[in-house]
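**Q** Now for the letters of each chain:
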Amino acid sequence: MTTLDGDIVEIRASSATLLEGARAKQRRSTAQLIRWILLFVGGVLMVMPIAYMISTSLKWPFEVYNVRLIPEEPHLENYAYVLEDGRFYGWFINSLVIATITTISSLFFDSLIGYTLCKFRFRGRYIVFIAILSTLMIPTEMLVIPWYLMSQSFGWLDTYWGIMFPGLMTAFGVFLMKQFFETVPDDFLEAARIDGLNEFQIWWTVAMPMVKPALAALAIFVFLGNWTAFLWPLIVTTSTELYTLPVGLSSFGDEADVQWELIMTGAAISTIPTLIVFLIFQRFIIRGVVMAGLKG
Amino acid sequence: MQRFSNLSIMQKRTLWAWGFLAVPILFFVIIRFYPTFNAFVLSFQEWNLLGARTWAGFENYVTLVNDPVFWKVFANTFIYLLLGTPISLVLSFLVAYQLDKIRFAHGLLRALYFLPFMTSAVAMAWVWRWFYQGVPIGLFNNILASVGIGQVAFLNSTTIALPAVLAPAIWAGLGFQIIIFMAGLRAIPRSYYEAAKIDGVSTWTVLTEITLPLLKPTIVFIVVFSSIGFLRIFDHVFNMTTNDPGGPLNSTKPLVLMIYETAFSSFNMGYAAAQTVVLFLILLVVSLLQLRLLRDK
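Chains as they are written, first to last, in my numbering: chain A, 189 to 484; chain B, 787 to 1083.
No lab work stands behind these hints, which were simulated from the structure alone.
The hints are all genuine.
Residues from chain B that keep clear of chain A, each with C-beta distances beyond 10 Å, as calculated:
#, residue
1, Phe830
2, Ala838
3, Lys858
4, Leu875
5, Val876
6, Ser943
7, Ile946
8, Thr997
Listed below are the simulated DSS-like cross-link pairs for lysine-lysine, each with C-alpha atoms no more than 27 Å apart in a straight line:
#, chain 1, residue 1, chain 2, residue 2
9, B, Lys983, A, Lys213
10, A, Lys213, B, Lys887
11, B, Lys983, B, Lys887
12, A, Lys400, A, Lys307
13, B, Lys1002, B, Lys887
14, B, Lys983, B, Lys1002
15, A, Lys307, B, Lys798
Think of the CB as a built atom: it goes at the ideal place given N, C-alpha and C, for glycine as much as any other residue.
So here's chain B without its partners, still in its complex pose:
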C-alpha cells in the first residue's frame, strides 16, 4: 500500500486501467482467442472425441472439396443469401419510405412491423411449420383449399422448401431493417427536398438522385448485417425440418447445420472444424467487401 501511494498519478491510473482490464483480457483470451486458434488447429486434425487427436494435414479440406453434400450445402447457403438479402432490403425500404411520410398512428404502424423482431426464432419456426402443413392441418393450405387452389407441399418439396424456410427468417428481420432505414431517411436534411421541390423535380428523381445516394451508408450496413445473418441461418432450418434436418434431400441444409451434424451427430470434430473455417472465410470476404464499399463513398 505504501508503495502504491509513492507512484505518480499517471502510474496509478495505468495500474487502475490494467486492473479493470485484467479479468476481461483473461476472458477474451480463454473464451475467444484460444478457441479460434483451436478451431484452426483442429481443422488440420482428425478426431472423433474418443480416440487420439492425430494430424491429418489438409485431408479434411480435401474431403470437403470432394464431398457432393458440401457443394449442395454451399449452394444452399448462398441461395439463402441471394434470395434473403435483396428481398428483405427492398421490402424494408418500401415500407420505411412510405411509413416515413405518415403521421397518423405512425407509432402503431411502426410497432406492427417491428413486433416480429422481438420473437424467438425457434418459436416462430414452429408457428410457420404449422402454417405449412397439408390440409386439414396447415393454415396456408387450408386457405388455398377454401379458394379452390390445389395443395402446395411446402416443406416436403425439394424446390419450395428452401424459400418456405427462408420466409420466416426474412419476416423476423424486416422490422429491424425498417427502423434503421427510417433513421437513415430522417438523417437526410430537409433542405435538400425543399430545394428539389422548388426546382420542380419529380418524386422519382428525388428518390434516385437524392434519397438513395444519401442512404448509401445505411444500405451498406443493412446489406452486410442481413447477409451475415442469412449466411449463418440455422435456427429456422433446424426447427422446421427436425424429422430430417436440412431435408428433404438436403435441399434446405445450410452450412451451419452441416457443421452441427458433422460435429455433434457424427462426432467428426476435425472435419467439422474445417467447415467452420470455410464459414469464417466466407463471412470475412463479405465483411471486407463492406469495408471496400464504404470506402468508395
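One chain only, chain A, in its complex shape:
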C-alpha cells in the first residue's frame, strides 16, 4: 500500500521535474551558489576564534595586537617558553591521565550496567534502572559541596582520585548502552551460553564487540567532558601540580602581567588535541553525536 503510493508519487514527481523549464533550473543553481557562499562565510567566521588563537600563539609580542591573521614570522618560541616553564606540561599529563582513566572506567561500568539491565530478567531490575536514571536530574553543581565535604573527611582533596571519582560512572552512559544492547539478539548470547561461556565472558566477548559504535560515541563524550571539566577540578585541587589543563590555564591567565600570546599558547595547548581527534575521526564523531543526541 505504502510502496504503491510511494511509486505513484515518485512517477508523478519525476514527470513534474521534466516539465520544469531550463530557467527554473538556472535560478535554482544561482540560489545554490549564493547559499553555498553564505554558508561558507558563516563557517569561516565560526572557526575565526580558533584560527586567531592558533595564529597568536605563533606571533612575536610586537605583532600580537595586529589584526592580521597570518603571523609575519611564525615561530614556536611561545610553545617552547610555556612548556619549559613545566607547569603546562604537568597539567597536560594530569588532564590526559584523568580523562583516560575516567573514560575507560565509564566505558567498562556503563556498558556492564546497561547490559545487565537490558539482558537479565530479575526482580528489582526496573527499580535499579529508574534509580540510576533519576540521578540525571541532579545537577553536578548540587553535588560539588557534598563531594567536597566527603573528600575532605576521606583525605581525597588534592589527589587524582579526588578529581576522578565523580566521573567513574555516568547515568547517561548507562542509558545509552542499555539502548544499544537492545539491538544485540538474545540468540547470540544463548548460543554462547550453550558453548559454556560464563556470563562475564558472554558480555565481554560476545555482546561488547556488537556495540562498538556506541562505545566509541560514549568514549568521545566522556573524554571530551573530562578533558574540558572545570568546576569540580577547580574546587578539589589546591596545589598547582595537580591542576588539570582548564584549571591551570585559568590560574595562568589570571596571573599579573602574563602576555596575551602566552595565554593563547596555553589555550591552544588545551584545545589542539581535541581538534586533532575531531579531524581524524570526523565522520565517526558526528555519527556519535547524532546517536547520543537522538537516543539520549
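Since the structure of chain A is already known, use the hints to place chain B on it.
**A** For chain B alone, kept in the frame of chain A given last:
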C-alpha cells in the same frame, strides 16, 4: 562452589546480575544519592566548615529571598537562558536548514560549524576575553577603530558584559545543535516534500506546515538541552571576569557562580546548599515542562 552449581539456571543468572551491579550500586548510592540527600539536609543547616553544624530551619532560604544579590543573580541566570536558547535555536536551525540542501563540500562546511563544539570552554573564554579588550589589545575594538567606530567597553560595561560573556557559550554550542537539526531534517520522509511539490505548495508553506511540525521532537530536545546548559553557565563567566568574578557589579553573575563563591570563598556551606536546591528546582521545572511538551505531541 558446590552450592552454586546446585542453583537453577535462573537463580544463577540473577546472582550474576547482582554481582555485576554490586559495585555500580555502591557507587551510585555513595557518590550520587547520599550527596543529593546531604545537599538537602545541609540547606537547612548552618556551617562554616570549622565550627559545628547546627540546624537553622528555613533560615538559609529566608536569607536567600531577602538577598538582593540573589535576585540579581536569579535575573541574570534567566537572561542567559532567555537570550541564549532562542538565539542559538534560530541560528542553528537556519544553518542546518540551508546546509541540508548543499551537496558540494558538505562535509567541509559541516566541520567548520562543528569545530567550536570540540573546544574547551575555559580556553575559548580566554580567547574571547582577549577579543573584547580595549584598543590596542582587543581584536574587536581594533577592528572597530580601523573602520572609525568608537570603542565598546564589552566586559567593563554593566549592560553589554552579559551578552558578551554569553556569545562564546552560544558559539560553542551551535555545532552540536546544527548536527542534531540536520539529523532531524534527514528523518523527514522525502515523499512528503515530493507530494507538496506536485501540489505546487510554496517553500514557506512547506517549511511551516511540514518541516517545522515534524521537527517538533528535535526542537523540544534542543530547547531543553540548551536551556539546561545556559541555566548552568559558569566556565565562561568565571574565566572572562576573574578579576571580579561575575562583575562588573554582579551584572554577569549566574547562579552557579554565586554558589561557588558562597561555598568556596565565604565557606558558608548551608547557604550555598540552599542555593543549589534552588538551582535543582529550576532545572526540574524546565525538565518537567519538556515532558509536558513531548506528551502534547
